[in-house]
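Colleague: With the sequences and hints as input, model every part of the structure.
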Amino acid sequence: MAARDQHGPGAPFGAEQPGDKRNTDFRVVGKPRQKVDGLAKATGALQYADDIALPGMLHAKTLRSPHAHARIVRVDCARALALPGVHAVVTGAEMPIKFGVIPWTQDENALAVDRVRFIGDPVAAVAAVDEDTANAACRLIEVEYELLHAFSDPREALTRAEPAIHADNKHGNVSKHVHLSFGDVDAEIARADVVVEDEYEFHGTTHAPIEPHCAVATYAADGLLTVWSSTQITHYVHRALARVLELPPQRIRVIQPALGGAFGGKSDPFSLEFCVAKLAMKTRRPVKMLYTREEVFYCHRGRHPMQLAYKTGATKDGRVLGVDARILIDGGSYSSFGLVTTYYAGQLLTGPYAFPSYRFDSTRVFTNKPPCGPKRGHGSVQPRFAFEVQLDQVAEKLALDPIEIRRRNFVGEHVTTVNGQRITSNGFLQCLDEVERASGWKARRGQLGYGRGLGVAGSMYISGTNYPVYPNEMPQAGVQLKVDRSGLVTVFTGGNDIGQGSNSVAAYLVAEELGLEVSDVRVVAADTDLCPVDLGAYSSRVTFMVGNATIDAARKLRRQVVKAVAEAWKCAERRVRLIEGRCIDLEDPQRSLPMREAFHIAEARFDTLGATGSYNTPKLGGDYRGGTIGASPAYSFTAHVAEVTVDVETGRITCDKVWVAHDCGRALNPMLVAGQMEGSVYMGLAEALLENHEVNRFGLHSGPNLLDYRIPTSVDTPELAALIVESLDPEGPYGAKEAGEGPLHPILPALSNAVYDAVGIRLKKLPFTPGKVLAALRAARAGGTERATDAASAHSAAARAAKGAH
Amino acid sequence: MRVVVARSIDAALAALASATEASRILAGGTDLCVEFESGRTRPDLVVEVGRVAELRFVRETQAGLEIGAGSTCADLLRSAPVARGADLLALAAREVGAVQIQNRATLGGNLVTASPAADLVPALFALGARVRLASLAGRRELLVEEFVTGYRATARRPDELVESVVIPPRPAGEHRAFHKVGTRRAQSISKVVVALALGPRGAGARIAAGSVAERTLRLATLEAALARGLARERLAQAVAHAVALDTRPRDDVRSTARYRRAVLERVLVRVLGPWLEPEGNAA
Ligand SMILES: Cc1cc2nc3c(=O)[nH]c(=O)nc-3n(C[C@H](O)[C@H](O)[C@H](O)COP(=O)(O)OP(=O)(O)OC[C@H]3O[C@@H](n4cnc5c(N)ncnc54)[C@H](O)[C@@H]3O)c2cc1C
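Which chain is which? The protein sequence lines are Y and S, in order. Heads up: the first sequence runs through residues 1 to 806, numbered per the working numbering. Heads up: the second sequence runs through residues 1001 to 1283, numbered per the working numbering.
No lab work stands behind these hints: they were computed from the structure. Please read all numbers here as calculations on a predicted model, not as lab measurements. Worth double-checking, as some hints may not be accurate.
Across the chosen pairs, the derived CB separations fall in these ranges [unchecked claim]:
1. S/Arg1185 with Y/Pro55: 44 to 50 Å
2. Y/Ala220 with S/Ala1022: 45 to 51 Å
3. S/Gly1039 with Y/Gly449: 32 to 38 Å
4. S/Glu1060 with Y/Leu706: 38 to 44 Å
Some chain S residues close to chain Y (C-beta under 7 Å, calculated; not the full set) [to be verified]:
5. Ser1008
6. Arg1184
7. Arg1185
8. Ala1186
9. Thr1256
10. Tyr1259
11. Arg1261
12. Val1263
Glycine included, each C-beta is placed from N, C-alpha and C at the ideal position.
Modeller: This is how it looks when you write it as structure tokens:
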């Protein structure tokens, strides 16, 4: 099983030993290729959850709380049930068991039982002949609320425990507090030549996937519940359904159809999955629920707002000695993955730079707002922003080039970080070189004239984590292969393709190992009845883990085929090679077979052909509580240079170009990697310049639609130059690491740093709206330089507030 | 709710004869469908005019350029007469939503919604457009500024259909400009939108702005200053004065009052500056 030791970064065939790093004789991997579902996507033929239409299907709608915080006194559904066309109504009382992805913080109900905690909290659901009838029925449900004090300011939630948003939470309204210290931070900072202390702020953004959440359920006469859901983690939905519906898991089947974007926003089990299941059980009819765009905004699970206070001490040649961080995290109304967020906010900062000492104190609180959760770059985008801006401030004090200071602090390859993370391959220096060269940094930075500038930033991210959200010793990823007599190989994987292309990657790897055309491999994924468990699409784990499991399985199958053919040909196994759809004898050019026939020989020799493969992480992480959270088998590294133009009259920042260098290990399909890099920058750029998931003090979203919530259009998107750096990781599938989340991080600080280069203002509070830019310019002009004002407020509200948590 | 699908102007007018305040005409639906969905509008009668070919034309007449109310933004963008006689309208149409919206959104719909953030309306103000209304009771014509009466309010009676707008012929030597500051570069609602026309030496200036009050308005104070002959050096001050007196911006999701004022000033100075004479040369 310990698949990780077996593959190596090299190709399975070629001049060198299989897996040897020098062996670059790949046939499938490493070339730009279409996605396996690319054509179906482009032609609109792909079936998403909402495309499912079953005979007799009912449509369900949810009644949601209009109050941010209230006790439910009474729910009366009688009038709704009496409405013609209504088949069933379900309320929280029928599903009282709580769920949550993290076993220790299960605090959500499918529908509110006695308390609503944000505007939009689901209260009841109706199944009717159509959506309009279901909506009309929702309006007929009478709910009596007793209003409670609603928390909107995270600082208030930190110090005020009553009313508790979750009555059974042990620490008032504090959702999670983590304090970890490595090395003697105070002593290191005390001996530093330069210290920068400042505050930063991240405002909160959401995923805005183009496909809204949707689920369909059927309940068969034999008691099998089938749920199709637009989830990115089938396995957790399966577990949660069994728990909440009190059904044996073997009577539940969960299937993820094609998915139209997720970005972390479909990682939790959601109310609609339980509701369609319960309503299907009640009515014995198929039931579908599709969220409206407004509901998607309120369901949220987006990036947490954070108030970040950082202090960095460095030597006069720019070497970081110590970093001290205090972070206050606004979690919204539920835990979601918040425990992990609170750790990630601190744990993932210890690369690509070496910190001799590091301390972080991060506190997540509950407020009566839509719940936050994981979004692309989970937990680490906000701290990365703060630190990378601060590092530029250090460089500025020391009159060092911002790229140079980053080079000097490089943590290295095959090292252990101050918090005990094992770093293997590390192409960060090369990333810096690439963006420096491509952007013309040396000749252009500081030389573009007032109003234009360049900024740099770096980052590190995980390729999966060795922390399975529920403790178990079983593999994190499993794959099963089946061979058809036509020569078709089917891959069964629990991995969720959410558009990132994980099904394609599985097909490429099998094709590579078995010498097949990609079109001779079919992938069946994310169906709990058919596929072995995979923990799902989060933490950038799929390529690494499912990839390794796939190679593991394919190699087992290959050995069977090679052995059977070698026996038939009465030759040594090493002479038998599977390549380009054929099985050939290396020493006898006359002797070869189509793979189909090779499979027939193997099936005749060994019985029905198939193989399983799996992957589990090695033991990783620091030897302390929480030390495994954020510990990854491999880390990706990124550097960005952003070029901006600042219009000092309108305060508008235009990003003209971004150079993105990303170390993804081996690029299994460079086109997909570049796509992820570009998509990441696009998303991060919008978080810095356009998007704001803003909820007012009553808990109402400021613009829950795609017109007012401004994801960029194509004309808002700058030119993006994706520069792929391949460090070849010793444990990744053919040396691959991740590319889906890491490349997002640096753009936010790179923009801030570029604006500083352009017009001399330090933007430390996201988003960088024109109004803020104008205010900063006014402040700078008024003489009181930015720096002076910052120093005065160094002992910030965030720092003070976070102290209160001890 | 009664729905009438009209195929001609006459059929539409006949259906509208029984219209009330709650009735609605449906053209491209890009405003109305949003209202339906939100539940804000529950009409007793909907008269669909999206397929009335008679409403979709551009005609050069004695009175000027006549544009049918059913013309879409895409029509305005593609019309050579519009490019010649009503360039501001084409420039504005290009800034409405994005391609999909431009293919459906009509001139009449933009005008009748009368949103303070509408992009076509300031262009009509700057062009001095007249609005032609028809009902079974007869036809009438109003200056566009009289037509738009307040926040999403117009002088239209429930039984009236907007048939067309008429743009007077372009005076010789008139400068025109359109500038929109949106929340992003496409598919965005204006934070500030400016359309203006300016004769030689500031004569007959029509300066219209959107998103800076409850309705589209003209900056009368600035127009007067320009008519008196404003030197380039005094422009910024005159603009600041006019913006303070004439506009009433507010804070909302898209921007703040303060930012709107500041940006309106910058836009006006930038656009008008090059056309004004420096001190000494001014009349
Ligand atoms: C995503 C999106 C983006 C948008 N972006 C912009 C933008 O950037 N700038 C902008 O200005 N607008 C924008 N809009 C608003 C809208 O597209 C315009 O106001 C459009 O011009 C309305 O035209 P319509 O034909 O769709 O009107 P409809 O929705 O059909 O009607 C609007 C109103 O006008 C009335 N009406 C329509 N035709 C007539 C007529 N002939 N006589 C009398 N009354 C009539 C209707 O009864 C209704 O009250 C946007 C809308 C959306 C959905």
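Colleague: None of the hints should be skipped; say for each whether it holds.
Modeller: Here's how the hints hold up against the structure:
Distance hint for S/Arg1185 and Y/Pro55: a CB-CB separation of about 46 Å, consistent with the stated range 44 to 50 Å. The hint said 45 to 51 Å for the Cβ distance between Y/Ala220 and S/Ala1022, and at roughly 48 Å that hint holds. A beta carbon spacing of about 52 Å between S/Gly1039 and Y/Gly449 contradicts the range 32 to 38 Å that was offered as a hint. Between S/Glu1060 and Y/Leu706 the beta carbons are some 39 Å apart, a value that agrees with the proposed interval 38 to 44 Å.
A cut of 7 Å between beta carbons decides the hint on S/Ser1008: the least distance to chain Y is about 31 Å, and the hint is violated. Evaluation of the S/Arg1184 hint against chain Y yields a held restraint, the C-beta minimum of about 5 Å falling below 7 Å. Against a cut-off of 7 Å between C-beta atoms, the interface hint on S/Arg1185 holds, since the closest Cβ of chain Y lies about 4 Å away. Here the hint on S/Ala1186 is kept, as its CB sits about 4 Å from the closest CB of chain Y, short of 7 Å.
Using the Cβ-Cβ criterion of 7 Å, the hint placing S/Thr1256 at the interface with chain Y is satisfied: the shortest such distance is roughly 6 Å. The closest approach between the C-beta of S/Tyr1259 and any C-beta of chain Y is roughly 4 Å, which is under the 7 Å cut-off, so the hint is satisfied. Below 7 Å, beta-carbon pairs count as interface contacts, and S/Arg1261 has none with chain Y, the closest being about 11 Å; its hint is therefore violated. At about 5 Å, the closest approach between the beta carbon of S/Val1263 and any beta carbon in chain Y falls short of 7 Å, and the interface hint on this residue holds.
Of the numbered hints given earlier, the model fails hints 3, 5, 11; all others are met.
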